[in-house]
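Undergrad: Going line by line, the protein sequences match chains A and B.
Take 1 as the starting number for the first sequence in the working numbering and just add one per residue.
Take 1001 as the starting number for the second sequence in the working numbering and just add one per residue.
None of these hints come from the bench; they were simulated from the model.
All C-beta atoms, glycine included, are put in the ideal place defined by N, C-alpha and C.
It cannot be assumed that every hint is accurate.
Chain B regions said to be covered by chain A (calculated; three or more residues, Cβ under 8 Å) [claimed, not checked]:
1) 1010–1017
2) 1098–1106
3) 1126–1138
Below, in silico cross-link-like pairs of lysine-lysine (DSS-like), each with a Cα-Cα straight-line distance of 30 Å or less [stated by the list, open to error]:
4) 1206(B) - 110(A)
5) 1025(B) - 1131(B)
6) 1025(B) - 114(A)
7) 199(A) - 1025(B)
8) 110(A) - 85(A)
9) 1012(B) - 207(A)
10) 1122(B) - 168(A)
11) 1103(B) - 207(A)
12) 1131(B) - 211(A)
13) 110(A) - 1025(B)
14) 138(A) - 1014(B)
The lines below spell out each chain.
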Amino acid sequence: MTAPFSNRVKITSVEQITPLIKHFKFERIDGEPFLPYSSGSHVVVSMKNDSGSHKNPYSLVGSSNNFMQYQIAVRLEDNGRGGSKFMHTQVEVGTELEIGNPYNLFPVYKIARKHLLIAGGVGITPFMTYIDEMDMTKGNFELHYATRDKSHAAFAQNLLERHPESIKLYHDDHGPKLDIEALLNDQPLGTHVYVCGPKGMVDAVLKVADKLCWPETSIHSEEFKAPETGKPFTVRLHKSQRDIEVTEKETLLEALEKADVEIPYSCRGGACGFCKTDVVEGDIDHRDYFLTDEEKKSGKCMMPCISRVNGDNLVLDL
Amino acid sequence: MTVEDEEYIDIKSKPIYVPLEFDPKSRWSLLIAESEGLRGLVDLCNDSSAMEATATSVMYAGTDAEQSDALTFFTNDQCNLLNQFETQDSLLAALPQVLANSKMGLRLYICGSEAFIWKVAKIARDAGMNKSEYNLKLIGSKARRVYCPHCEIINEGVTTDIHECQGCNLSLVNCNHFSREMSAYLGYRVDAEVHGEMPERQELYK
């Protein structure tokens, strides 16, 4: 599979919905419908500007019944590598972008008797399509949604109006706090928990669920991990006998793409497994969620979208 | 295909039973047995002291006389965990409500005939439990439930490789394809290709 970038799109609406989050709607330039998608799906948005190119994954937040329009919500990341800043400062109605086909790493488990959704901040985004699905299937769910204050709770008003009984909001600045242990301690048999939010929240839910003996198969998480910067290094491609420089701010995948080396990818956050690449030599700094501990130890493969190398010696089987 | 050939074919859906072991990653244990399966639960509790601490109830379908030693084990002076049912059907009818009142962290330990343990497993699955949350041990009859795809009924208590369907009277051969959804093996017409050509029937699943 090659890079799934196939849709030229045009922004039809931009709305600042919280101090940090903008809500974008777009349609295809050719006027054709988009692919349908399942709840929890994301798309990768491709951006090009003077400072280089960015490809960032964003959850789809619009109605999955509207095939003419996709919607995403983007949080401005001050310390990010520039993608969200580009979306916030350079994208307006009429801007043209390229997006990939939807892909789902965070699906709803339809066999669950109850869906317990836990969102932190912009982690609300994948649950927008979940709640549409709950509406359609009359699913049994609860959403527990924590933000720093009321003004940062994107989509909260809309959700509360639709489901006043099933949605609880928590704010850091006042009122009761989300008590994960108390919440998970008292859930009926057949519940699945889904968490999307900052790393601290995701880790806490996974830890508590495990401690309270939830089976692994009933625990689901999504954390869009943005690649972190690292020391620059040179990668040698064994088969094509090329050397490629990877700068401090670039990921290995981005450097390879810039050099026209095509690698399949989807999430660009170390979760989906598409970009798994064979390693000939090198002490890999694994940062992904995809490879098993054994695979990581073997040193024979890596995820170039997010992982780097310790030291300066990396040879890939490309 | 003859029945003997099946021995050499790897049928992935055929249940494989592993020894019953206490799952240390559990908060509560619900023990369920019919008839002589109750002995399996006693063994399980004897093997693991932690089991007794988590056990909430023992649901047992059968009579006192059948398993008096095992019954005493669960009804001593300290505690009475036993919840006894006269028939399997009354136990199976009561179970959904028990599970509906239960919380995440429960594990089931199910002992009894093959037909019984899979009926219980189906109720557990319907309650949203997955296979890591319930544990099955076959003690007792291997008599099969056999689904007839021709008339869509399930034949109970089949002990032979070939039998006459109680619904449509066709002779069915039952194979090792097992449906967890129906808790039954698949049967199909034995003389479908050449009507009237019948292999000899053997008793295999007592």
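Undergrad: Which of the numbered hints are not met once you compare them with the structure shown?
TA: Result: hints 1, 4, 8, 9, 10 and 14 break, sorted rising.
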